[in-house]
Amino acid sequence: MKLTPVIGLEVHVELKTKSKMFCGCSADYFGQKPNTHTCPVCLGLPGALPVPNKTAIDWCVKIGMALNCKIPLFSKFDRKNYFYPDLAKGYQISQYDQPFCINSSIELKNGKKIGIRRVHMEEDTGKLIHEQGSSLIDFNRSGVPLVEIVTEPDFESADEVVEYLKKLQQIVRYLEVSDADMEKGNMRLEPNISLREEDSKELPKYKVEVKNINSFRFVDKAIEFEIKRQTEELESGKTPTQETRGWNETKNQTISQRSKEEAMDYRYFPEPDIPPIRWNQKYLGELKSQLPELPQKKFDRFQKEYQLNPYDAEILTRERSVADFFVEAVEDGKKLEISPKQIANHIINKKIDVEKVLPAELIKTIVGATQTITMDQGELEKIIDKVLLDNPKAVDDYKGGKEQAMNVLLGAVMKAAGQKLDTNKVKEKIKERI
Amino acid sequence: MNLNQLTLIETKKGLEEKKFSSVELVKDCLEQIKKVEPKINAFVSLNEEGTLQWAEKADEQRKNGNNLPLMGIPFSFKDNFCTKGVKTTASSKVLDNFIPPYDATVVECLKKAGVLIIGKTNLDAWAHGSSTETSDYGSTKNPWNIGHLPGGSSGGAAASVAADEIIAAIGSETAGSIRQPADWCGVVGLKPTYGRVSRYGVVAMASSLDSPGPLTKTVEDAALILEIIAGNDPLDATTSPKPAEKYSQGLNKSIKGLKIGVSDEYFKDVNPQVKEKVEAAIKLLEKEGCEIVKIKLFPPEYAISVYTILQRSEVSSNLARYDGIRYGNDRTFFGEEAKRRIMLGTYALSAGYYDQYYNKAQKVRTVIVNDFNAAFEKVDVILAPTNPQTALPVGATKDNPMYGEKADALVEPSSIAGLPGINVPCGFSNEGLPIGFQVIGPQFSESLILNVAHKYQMLNPLYKQKPNL
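Taken in sequence, the protein lines are chains W and D.
The first sequence begins at -17 in this note's numbering and counts up by one.
The second sequence begins at 11 in this note's numbering and counts up by one.
By construction, these hints were calculated from the structure, which means they are not laboratory data.
Where hints are given, some of them may not hold.
[Stated by the list, open to error] Below, in silico cross-link-like pairs of lysine-lysine (DSS-like), each with a Cα-Cα straight-line distance of 25 Å or less:
| no. | chain 1 | residue 1 | chain 2 | residue 2 |
| --- | --- | --- | --- | --- |
| 1 | W | Lys397 | W | Lys413 |
| 2 | D | Lys252 | W | Lys36 |
| 3 | D | Lys67 | D | Lys23 |
| 4 | D | Lys252 | W | Lys58 |
| 5 | W | Lys58 | D | Lys373 |
| 6 | W | Lys187 | W | Lys210 |
| 7 | W | Lys364 | W | Lys384 |
| 8 | D | Lys349 | D | Lys103 |
| 9 | W | Lys149 | W | Lys91 |
| 10 | W | Lys220 | W | Lys203 |
| 11 | W | Lys149 | W | Lys187 |
| 12 | W | Lys58 | D | Lys370 |
Input sequences plus hints: build the corresponding full structure.
Below, the structure is given as structure tokens:
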């Protein structure tokens, strides 16, 4: 029996808006004193009402647009009802059957397309802290805007998943809507994994969801672990249980959390406190025009416009700040005849920290490294003429088509000049004088 | 006549003309409260000392030449309005210890206008009911006959106005909770258009229906209060961006030629005495020059099913936050009625039932909305009895879980459609219990229905009659 993994992915991205999703509290909760960023709304006090954050919704739609999703003209919020102590209202405001963005796909390097089912907006929950035998709730995170991006079960390996995740992370960072910092929980991953027989077209009858994964490395490990675990079960004739499992970092394995029998019924219904959202084409057009150049496009353009190889272009476009730095440096370097390739090499090889150095400073450094003291032209010509006289063989060889002979002449000129000169310019001069 | 018996307009005038002070006014109110509270139990909590202190400050301000529209006038607030620093229970023991850290928008608007919060009035727990009998703090009694119910859920509010314990009251209606107790207690009750008055800070019952509004002695009083509490609220996304109107200014407009729709569907199964008084009111308005137009409306009983599904569903979600983790008292403190509603709503929203119940109810809701829209193409307003019967005796809700919905049959359709409506007293039954009618108008037609109601009240000023307590 040959088995193929069937993997889908849900990714939560926390937006870095100034205020929370439904109230005016600061959304910058990381490392803050517990329960200092709260108000009646995000505490879910009796009578408090949510008012949606326009910027957050715009950003959610921008993520959808950057992923080429369709943006339906009508959308709404829904209530997802469930009990958990960190959920202030006893329900989460989310989107159910009419999310902001739907139907798209992202292409992987191997040419395979991963379907994106939906991109929707919701709110984060509070955080439980278990300390010295008691449990405490910090509501600072309650109501922070979250965007959930759901794919079709199109992945067949952990590598594909990781490649997709990196792309997604890069896109949201380009949009500057989230830091997508895994360690801070800005980006949370939930793969669902099952296995089907290779020649079967149908989806497996079960699905295992893995929660609480906060790094690309762990998602890779968790998927590999599940593939192995489920393969063993299937090969011994059993069907793996439909369940939710959690990734345990210390044990390096997934652990069962909740089985299908305990599956929740969220009793979704339209959020009556928030009127539905109706877009018009003009506004959506404006949002679209605000999108920056996206990584893939930039990657292609860098190769074409700056004659970079794919390797350099990939590194330079990985982060928007580096790409912007590069472009500015190229601009600055033009006058000094520093080529884009020189700049690219310098940024990549010297691992330039673009936060600490200004593009103009970088150019200065490059100029310093390839120092071309402009020598008096007359003097240079004198030196060249003397070298040509002293090396008749090399001159003849060069004239006879031996390119290497030029290096002999060049070396002699450089030595006679006793200074570091621009080799290209000197070469030109030598050709002239021959 | 004691000062507590004055209408809001009279009180405002008296204070501004310095005929009496705010302290005198508050003292008369407190005296009446002391006298009648043991009989009617309209309040859940009182703020006697605080109100007197604020009244002193108001008098001082006035002496210094400062004034606010309603400065130093005591109001009662239904206990589902959050009041900063003042206990707010929604008449449920679950919130027995809840002191809100913030004011509801309506409370804030009125405080800014100078209103004093003399106390919080009783309601059916969580506003679930039409009798106040489901309150965890004892039932309120009807001031006209304490063997009878005041109606609900704003029963405490209506009784506090009828018994002249205060000058005016703030209540809330989901479907009937202002108009029905106003009817049974013989006072004016205005349910504004959904979205006209902010819900922020009102303990949520059914979020797509809840509408705060005033209960008053006169229509003029209601208009004045609406002016202060209506308008867009950045804290409530469902409030309309339309600016509030000067509701008191159009009250005396002529209503000659105005088309009043009357539908037989709203007179079926109505107590003959109620029918007689409401019909007399219609005659009086006809004499005033209104044109009475027979219309056919969607039978109101369908609204009961729609309302029951939608309201229970929203309730089951809205009450989820009282999960025992905060607010002190856990879920065992929920009363029978709340539990019934949570269970029914949870069921209606469950996987597999959603389409059958919630979705279907929403579709019928649209039918009802369209039905009213069609009616308002033919007529300007609709007039009907507010309640099929006069106040029922205490204990009527026992073993009758659908009691409230039946009692509210005539107000539920307009609530579901989000329309404004106002109850105006138009007579008394042989037993001396009040009878009223309602005027319903299109969305945001508050000025119009207030105009009609005021014109009628001027012809038949029953508010001058007081219960004998």
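Going down the list of hints, with the structure as the test:
Proposed proximity of Lys397 (chain W) and Lys413 (chain W) is supported: the alpha carbons are some 18 Å apart, at most 25 Å. About 20 Å separates the Cα atoms of Lys252 (chain D) and Lys36 (chain W), which keeps this hinted pair within 25 Å; it holds. Our distance criterion of 25 Å between C-alpha atoms is met by Lys67 (chain D) and Lys23 (chain D), whose separation comes to about 18 Å. Restraint check for Lys252 (chain D) and Lys58 (chain W): the C-alpha separation of about 22 Å stays at or below 25 Å, so the hint holds.
Restraint check: the Cα-Cα separation between Lys58 (chain W) and Lys373 (chain D) comes to about 17 Å, which is no more than 25 Å; the hinted pair holds. Between Lys187 (chain W) and Lys210 (chain W), the direct Cα distance comes to roughly 18 Å. Compliance with the 25 Å bound is thereby established for this hinted pair. As the CA atoms of Lys364 (chain W) and Lys384 (chain W) are separated by approximately 24 Å, the hinted pair is consistent with the 25 Å bound. A threshold of 25 Å between alpha carbons decides the hint, and for Lys349 (chain D) with Lys103 (chain D) the separation of about 13 Å falls inside it, so the pair holds.
For the suggested pair Lys149 (chain W) and Lys91 (chain W), the alpha carbons sit about 11 Å apart, so the restraint of at most 25 Å is met. Between Lys220 (chain W) and Lys203 (chain W) the alpha-carbon distance is near 23 Å, which keeps this suggested pair within the 25 Å criterion. A threshold of 25 Å between alpha carbons decides the hint, and for Lys149 (chain W) with Lys187 (chain W) the separation of about 30 Å lies outside it, so the pair is violated. A C-alpha spacing of about 19 Å is found between Lys58 (chain W) and Lys370 (chain D), which places the hinted pair at or below 25 Å, so the restraint holds.
Hint compliance for this structure: hint 11 alone is broken.
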